[in-house]
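Asks: Residue numbers (our numbering), protein chains in the order written: chain A, 2 to 161; chain B, 262 to 548; chain C, -13 to 68; chain D, 40 to 798.
Since the hints were made in silico from the structure, they are not lab data. Incorrect hints may appear among the rest.
To be verified - Dumping the calculated DSS-like pairs for lysine-lysine here, alpha-carbon to alpha-carbon at most 25 Å:
(1) B:K519 <-> A:K121
(2) B:K347 <-> B:K519
(3) B:K435 <-> B:K496
(4) D:K450 <-> C:K4
(5) D:K187 <-> D:K98
(6) D:K170 <-> B:K519
(7) D:K447 <-> C:K(-11)
(8) B:K435 <-> B:K347
(9) D:K541 <-> A:K86
(10) D:K613 <-> D:K588
(11) B:K313 <-> A:K4
(12) C:K(-11) <-> D:K450
Said to hold, decoys possible - Where chain D lies over chain A, by a calculated footprint (3+ residues, C-beta under 8 Å):
(13) 33 to 45
(14) 79 to 89
(15) 97 to 111
(16) 129 to 137
(17) 143 to 152
Just so it is clear, CB atoms sit at the ideal spot from N, CA and C, and this is done for glycine as well.
So you can see what is in the structure, the chains are spelled out below.
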Amino acid sequence: MSKLHVTTTINGEPTEFLCDARETMLDVLRDRLGLTGTKEGCGSGDCGACSITVDGRLVCACLMFGAEAEGSQIGTIEGLAEGEKLHPLQKRFIELAALQCGICTPGFLVAAKALLDRNKNPTETEVRYWLAGNLCRCTGYDKIIRAVMDVAAELRGATR
Amino acid sequence: MADIRYSAPSTIDEAVRLFAASGGAKILAGGTDLLVQMRSGAVSPGHIIDVKRIAEMTSIAEQNGSFRIGAAASAAVIGEHAALRKVWPGVVEAINLIGSKQVQGRASAGGNLCNASPAADSVPAMVAAGATVTLQGPGGRRELPVEQLASGPGRTTLAPGEIAVAITLPARPKGSGDAYLRLIPRTEMDIAVVGCGVSLTIANGACTTARVSLGAVAPTVLLVDGAAKALIGSKLDEAALEAAAAACRAVCKPIDDKRGTIAYRTKIAGVLLKRATAIAAERARSH
Amino acid sequence: MAKVVLTYSFARQFAGGKTEHEVSGQSIRHLVRALDERFPGIGDRLNEDMAVAIDGVIHQNAFLEKIAPDSEVCFIPALQGG
Amino acid sequence: MSSQHYKWIGTRPNRPDGADKVTGRARFGADFNMPGQLVGKVLRSPHAHARIKSIDTSKAEALHGVKAVVTAKDFPEQPNQIVPAGEMQANLRDVTRNVMAREKALYDGHAVAAVAATTSEIASEALALIKVDYEVLPHVIDVDDAMKDGAPILHDHLRTDGLTPPSDKPTNIAKRLEFVKGDIAAGLAKADVVIEREYKTAAVHQGYIEPHATLASATEDGQVQVWSTTQGHFQVRGFCSRLLNIETSQIRVTATEIGGGFGGKTVVYLEPVAIRLSQKSGKPVKMVMERSEVFRASGPTSGGTLRVKIGATRDGRIVAADTTIALQSGAFPGSPVGPACMCSFACYDIDNIKVIGFDVVSNRPKVAAYRAPGAPIAAWAVESTIDLVAEALRMDPIDLRLKNAARKGTKTHYGPTFNTIGMVETLEAAKNSPHYKTPVKPGHARGVAAGFWFNVGADSSAAAHVGEDGTVTVISGNPDIGGSRASLALMAAETLGVDYDKVRPVIADTSSIGFNFVTGGSRVTFATGLAVVNAVRDMIENLKGRAAKIWEVEPDAVIWENGYAKPASSNVGKFEPLSLAQLAAQAGKTGGPINGHAQLNAQGAGPGFGVHIVDLSVDRDTGIVTVERYTAAQDVGTAIHPSYVEGQLQGGVAQGVGWALNEEYIYDAKGRLQNAGFLDYRMPVASDLPMIETVLVEVPNPSHPYGVRGVGEVPIVPPMAAIGNAIARATEVRMLDLPMSPPRLSAALDAMAPKRAAE
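Bound conformation, chain A alone (with noise of 0.2 Å):
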């Protein structure tokens, strides 16, 4: 079987890969690419778990083909720290426990971060609707949207 070969770029890094054509974008960063922060909980775009950014939109990386990288901006939850030092939701989601067991967590990150991005004063019920994609079962939300908040208030107050 021919396989495709895609270029793309991943965390601002250019990046190739080979794939089939039937390959979802979450079997190439976890199987060919060694992404494996992205996880998968259900493969049918139910849970969040493999929530990524496509040119600066949120998907389910279970819900597109490898192939369909070509030429686009991923981001992953592998890129949202800088360097050493943890994205503030990264590091506000450690500080008010708003995780348990960690599987949801990156893509619950990478959603966040795509809705403060747009929306730098997102309402309780925002955030809770534009999370609603991503399945949580430890934690029953609470700390999550603390945090997401908390660090919304946070950037804009930096940006103040």
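For chain A, the structure is supplied; the task is to place chains B, C and D on it using the hints.
Replies: Chains B, C and D in isolation, oriented as in the chain A frame:
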């Protein structure tokens, strides 16, 4: 394992040519249904034709008050189109109810329509809006009212090789408003148990035009003429709303399944009609 | 003599329906041995899938635990947790 | 003892694995790979009940890229008796049949064969080439149907245990349990009010976001390595050892980071299959379940049918309580009916109680533990009935519970007499909470319910090592499912008198630390915490001995204080205190490395009680319930890391809300699961819930040096009844069946409408 091809043509003509040439091909717009179907083994295309690199299919254009939405434009892009949102808030809301924010980044109105699910969220709103879909096939282009596209669950009236290119929402007179409501057990992430789209125009306090549509209560999305007739000419008073709700209940031919019962769906069709009409009327009055 | 309490179903199966028994023994091991002598067959079952509450404190796997003369020893269905 | 005495316990530091888990670096079950690994996949029965007449794997074996195929023939037969496997009591006859169907497929999704191939696509193709000749048999899904005469029988050999006289009739009722206290008839005779209702609950899944995954590598000399996402890698070792006749010392299991379990990852599904495929192929085999497989074939918890009858006197004293609980166990015996029976009335001091339980098999996946197994099901029925009693007596629901609350000296219906417990304190904390003191908003209604769980202790091992710079590694063997590393490190730091960040907790594989029972039953912070504290204390003795050698004094002349060895008194001599680092630097000269060890079977976990308050609104037209405000009060012992204690309560509540409102296993007429995915198995999403307030009632557990009590189980016990009780107060409709989903509540409201109109 059968080989599978992937193409990302940059023109519609090329897409149609590729599509017509290969029997087992599937059009890839947002892919939020296609990938799930492929994973479950429900479909196994030999050729995937990605239409998102075709500008005409991913853009939104306004012309003399009407809007032409590329069939592969993502829900997120549609939701961010301020002018469209202002004129067709119900349609935009419906499109923005398709799946999560993640799904919104990919899913398209064209895909939602061509997937031909009776529970598709955007379709009742588009049907109520009187939208048409532009199809292009080997035989050229044609326009079709959106309610005529699906012929049953997962089945369409698309001719072989035909692709949905764009959806057109007509210009609207002053005093018009639309709304879409769906019932889901949770607040998000569910398939509609019932969906209801209402589009109407109010002049001098009376409803002059109306279109009502129901989703998930029959094998295809229904245009409910009886409900529209009950609203037109009325002041949208309780009696008219009840008559329209009764018309909605009367056309329901739902099934009992994991998402709802026949009795529940039938009842909810009437409930949503009343609520959606109230929202549409409110919008019409401030339009 | 410690007070041994059996569940009602166990008592019906092995002890003629009597749930409370005075049994002497310094540890759970001895109590179970004494009970088995009195009600043949009950010992294996008690060891197999029962937990023990000694004076209200549940032991998942009791054997050597000491029993005071006035202790209350209850055999209850084994527990699992999530 | 209160938390003020502590330097570290009760603080909220960052968890040691935090950075790994927010950067994607943490490796979960599906993140492990080995060179040359194969992909293993399972063929599952499409039938609810079918005899397997034959399985032809020849075509699959012939497919290029297929390296091994296994069926039940590849797994040795096991005795029909309950034996310990990794300290878990299990009937291995059933376990091996659940791992791979033998004579019959017993539920939709039951594994019947498995393949290992070079790629996922080839493995899938191979599955399609396996020909299974099924004789489809009549099936039974519902627990009531399964108990009826003439029901399809799942296991010809099964007889009801606990019947007097014994019966020799084939049956689906595996066990009958009975608990009696006092005289139920006499109690009822005294009652002014008697309420009796019958309830049903649906099977619900633990719903962990990470599917089961394993990687197994068997070598030619008989050694086996396994990486598995599990709540108990020692249980994986124990089960695999038994099921495959491999000595435990030959199997080394590493627990990966685990993406949720809630009890569902305490048993084995893939691991024995992956090992067998690896043995046959000579290559490492990786297996990951699809989400649909998780739902179809891994443990949900039971649904059941319950009848409850409660009698009370006019002054609010409950004088009689009677319940019958029949629980689905799935395809093999072993529902949590025992704990359900015991927990049913454990919150209350009632003189006359009768509880009967049935363990019933039906054509569903074998149930697995789920948070306080059995207790939430019993609480749904009992706490709903108690609310009806409160309504009938026009009493405040908390006051009624206070009047009847279990306390020290209360004799339970299952035998034991309670020692010091916190039911009254928890009820009072709920009553005094900001939530309960706030009047119910117009359009909202309030519900209250209580819950109980025993908590468990059991076996744990731990070790502590001092590094050459004086920092400390603490090694234990329980997968960290929700922040236990932080709790263990806090207790170690407190015991040792050093800073939290000088203690590094590590979770070792089965070959690198002594046995540890599962992460479950809310036992890790309690039991493994105790082992860690003891290991650190052992190390402190060692450290004191080293200081004594350096100072040339007797070991008992040295004390340990705030991380330093000090002379016990001025009589010992004048010595500068020695720090961990100083002692570590001289370790080689004073006797070698400085370590501590502990192993124990922890007892006295101490029961926990919870009281929940919910305010909600009901859309009468649609039957949709909106949870507006929620408070969970719980007797938590000492909260070692309060954030993670709160998190346990909040998570339990969210699962309970799902159980109450939408979650259920839905089968079609052929016995096939209809909603094997997150789309239609509706767990709460972020927009479904409000913030969840917590009230931590800290009654220290006397059986633990820091007063730890398990906290993770109790919070899932009260929510269903709390919500049902609030719905009843909002609508006057008493829901008796779970879930209270919009179609069901709407139908109940509609059924009530004519009655209301007539009044």
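Asks: For the region 143 to 152 of chain A, do three or more residues have a beta carbon lying closer than 8 Å to a beta carbon of chain D?
Replies: n = 5 at 8 Å, threshold three: holds.
Asks: Checking one constraint from the list: CA of B:K435 to CA of B:K347, max 25 Å. Satisfied?
Replies: 12 Å, holds
Asks: Does the region 97 to 111 of chain A contain three or more residues whose Cβ lies closer than 8 Å to a Cβ of chain D?
Replies: holds (count 11)
Asks: If you count the residues of the region 33 to 45 of chain A with a beta-carbon closer than 8 Å to a beta-carbon of chain D, do you get 3 or more?
Replies: holds (count 10)
Asks: Between the region 129 to 137 of chain A and chain D, see if three or more residues pass the 8 Å beta-carbon test, and mark the coverage as holds or violated.
Replies: holds (count 8)
Asks: Check whether the Cα positions of B:K313 and A:K4 lie no farther apart than 25 Å.
Replies: 21 Å, holds
Asks: Run the distance test for D:K450 versus C:K4: straight-line Cα separation, threshold 25 Å.
Replies: Since the Cα atoms of D:K450 and C:K4 sit roughly 17 Å apart, the hinted pair holds (cutoff 25 Å).
Asks: Take a quick look at whether B:K519 and A:K121 sit within 25 Å of each other, Cα to Cα.
Replies: 39 Å, violated
Asks: D:K187 and D:K98: Cα distance at most 25 Å?
Replies: 42 Å, violated
Asks: Quick one, are D:K613 and D:K588 close enough, alpha carbons at most 25 Å?
Replies: Cα-Cα ~15 Å, so holds.
Asks: Assess, step by step, whether the Cα of B:K347 is no farther than 25 Å from the Cα of B:K519, and give holds or violated.
Replies: 36 Å, violated
Asks: Per the coverage rule (Cβ-Cβ under 8 Å, at least three residues), is the region 79 to 89 of chain A covered by chain D?
Replies: Held - the region 79 to 89 of chain A has 4 residues with a Cβ nearer than 8 Å to chain D, which meets the minimum of three.
The structure shown violates the earlier hints numbered 1, 2, 5, 6.
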